[in-house]
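Spelled out from the first residue to the last, the chains are:
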Amino acid sequence: MSVVPVILAIDTSQGACSVALGRGGDLIGSAQIMQNKGHAESLLPMTETLLANEGLTFADIDRIAVVIGPGAYTGVRIGVAAARGLAVALKIPSVGVTGLHALAHACADSDGSILATVAGRGGTLFAQLFAGGEAQSEPAMMTLEAARSLQKKSNAVVVGSGRVQLGIDASLTSEHMIDLASVAAIAVDLVPADAPSEPMYLRDADAIIGKPVFPIGQVGDHGSA
Amino acid sequence: MAQPSKPTSNYTIKTVGVAHAALLSSLQDAAYSPQGERFWSKTSFGETLLSHGVSANVVEVAGDPVGFCVMRQVTGEAEILTIGVIPASQRRGLGKVLLRNCINEATINGASTLFLEVRADNIDAIHTYRSCGFTESGSRKNYYRLENGQLIDALIYALDVKK
Chain L
1 MSVVPVILAI DTSQGACSVA LGRGGDLIGS AQIMQNKGHA ESLLPMTETL
51 LANEGLTFAD IDRIAVVIGP GAYTGVRIGV AAARGLAVAL KIPSVGVTGL
101 HALAHACADS DGSILATVAG RGGTLFAQLF AGGEAQSEPA MMTLEAARSL
151 QKKSNAVVVG SGRVQLGIDA SLTSEHMIDL ASVAAIAVDL VPADAPSEPM
201 YLRDADAIIG KPVFPIGQVG DHGSA
Chain R
226 MAQPSKPTSN YTIKTVGVAH AALLSSLQDA AYSPQGERFW SKTSFGETLL
276 SHGVSANVVE VAGDPVGFCV MRQVTGEAEI LTIGVIPASQ RRGLGKVLLR
326 NCINEATING ASTLFLEVRA DNIDAIHTYR SCGFTESGSR KNYYRLENGQ
376 LIDALIYALD VKK
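From first to last, the protein sequence lines are chains L and R.
When the letters of the first sequence are read in order and numbered with the numbering used here, they come out as residues 1 to 225.
When the letters of the second sequence are read in order and numbered with the numbering used here, they come out as residues 226 to 388.
The hints are simulated quantities; they were obtained by calculation from the structure and are not laboratory data.
If you're wondering where the values come from, they're calculated on a predicted model, not measured in any experiment.
Where is the CB? At the ideal position from N, CA and C, for every residue including glycine.
Keep in mind that a hint or two might mislead.
[Claimed, not checked] Reference listing, derived: stretches of chain L covered by chain R, where coverage requires no fewer than 3 residues with Cβ under 8 Å from a Cβ of chain R: (1) 26-37; (2) 43-57.
[To be verified] The calculated lysine-lysine pairs, modelled on DSSO-like cross-linking and capped at a C-alpha distance of 27 Å, are: (3) R:Lys388 <-> R:Lys321; (4) L:Lys37 <-> R:Lys387; (5) R:Lys321 <-> L:Lys37; (6) R:Lys388 <-> R:Lys239; (7) R:Lys239 <-> L:Lys37.
With these hints in hand, go ahead and build the complete structure from the sequences.
Shown next as C-alpha cells:
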C-alpha cells in the first residue's frame, strides 16, 4: 500500500502569508492573508486552523515545503524559519522550492518557453527561463531591460509578479501569484539533501555586515572559520 | 436553515479600503438582513473607513467575497465595529477565520484589549466569540433596534490581546 504524504506548504516570500495542506500535490485546504506585515504571527494559527478543519494534527504532516525565495528578505526568513522549526520539532523533512520553479511548474504543460519572474526592488526583477517545467537558465536578479531581452530572445511567455514591472499587467492577478499546489507537487519528489530549506535571496543585503560585537570563534573552537 | 457543514479551508483574506464600501454594504446586507437587522449604506461604510484607525478585511472563497470585518483601533483599545458572513457560507468556520485575523492585527498594532458588541440573542456568534477566548464584560440595555422596531440588549465581550 502506498500512502500519499501529507505536505504542509508555506509561502511568505511576497506580499501574502499563504499556507496549504496537500495530499501529495492535491491541495486539501489553503489559507492566505494578503498583508505586508504580521506573517510571523499569522502563520502558525492559520496552519492550526487548516489542520483542525481537516481533522488532522501537526503529527499527521509528513513533509514541509517552503518557498525559499526570491522575494522579500524578512518574508523569506519567516517562512524558512517556520519550516525548519516545525521540521525539527516534528522530526520530518523540510524541503525548499523556489518561487520561480513553482510559477513555471504551474504552466509546465504549455508549449514553448516560460520566463518565470518575481518582482524586485529598484528597477530589477528575479527571473529564470523554463521549458516543459525544466530550467533552461540559472535564476538571477536582472534589470528590466535584461529581462525583456531574455524574453524576446527565447520568445517566452512571462509569468509571475514581474509582469507588472515589465508593463504587461497593470496589477498583479491571482493567476500570477505562486500556487501552493505547485509547491506541494514539486516537493513530493524532492530529496531533502538536494533541496534544503535555505533562503535563496539572489542579491546582497542592503545592510552592511558589521563587525561582530562579541568575539565569535576566538574562544575555544566553536566558531566557523 | 443552513446545516452545519465541513469547514471551508480554501480562503483568502484581503485588506480593503473605501473603494470597497459598496461591497461591504452588500455583504453586510446579505449577512444581517435575514436576522431583521439594519445594515449600513455604502456612504456609512465609506465614512467609517475614512475615519481614524479603521481597517477592513474581506474573506474570499474561490475568488468570491463571502465575509467581512471592520475594526477600529485607538491607542491600546481595538474594537470590532461589524463582522459577518453571508448565509450561504455560514457554519464553515469563516467567522472564526476573520475573528482570528482581527485578534492578530490588534496584537501586531499594539492593542491591549479587543472589544466587540453582540446581540444578546445571537447564540451562534456568542459561541464563536467565547471559543476564541472572549469573555463578557458588560451589556447595553435595548441597544439594537431591529427593522420591526423590536429592541434587543447588546452584550459587550472583551479579549486581552497584549503581546
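Is the straight-line distance between the alpha-carbon of Lys321 (chain R) and that of Lys37 (chain L) 27 Å or less?
Holds: Lys321 (chain R) and Lys37 (chain L) sit about 20 Å apart, inside 27 Å.
Check whether three or more residues of the region 26-37 of chain L sit with their beta carbon closer than 8 Å to a beta carbon of chain R.
holds (count 10)
Assess, step by step, whether the Cα of Lys239 (chain R) is no farther than 27 Å from the Cα of Lys37 (chain L), and give holds or violated.
13 Å, holds
Quickly compare the C-alpha distance for Lys37 (chain L) and Lys387 (chain R) to 27 Å and report which way the hint goes.
Holds, because 17 Å separates the two Cα atoms, which is no more than 27 Å.
For the pair supplied as a hint, Lys388 (chain R) and Lys321 (chain R), confirm whether the alpha-carbon distance does not exceed 27 Å.
20 Å, holds
Please verify the coverage claim for the region 43-57 of chain L: does it have three or more residues whose C-beta sits within 8 Å of some C-beta in chain R?
holds (count 6)
Against the 27 Å threshold, does the CA-CA distance of Lys388 (chain R) and Lys239 (chain R) hold or violate the hint?
Holds, at roughly 23 Å.
The structure shown violates none of the earlier numbered hints.
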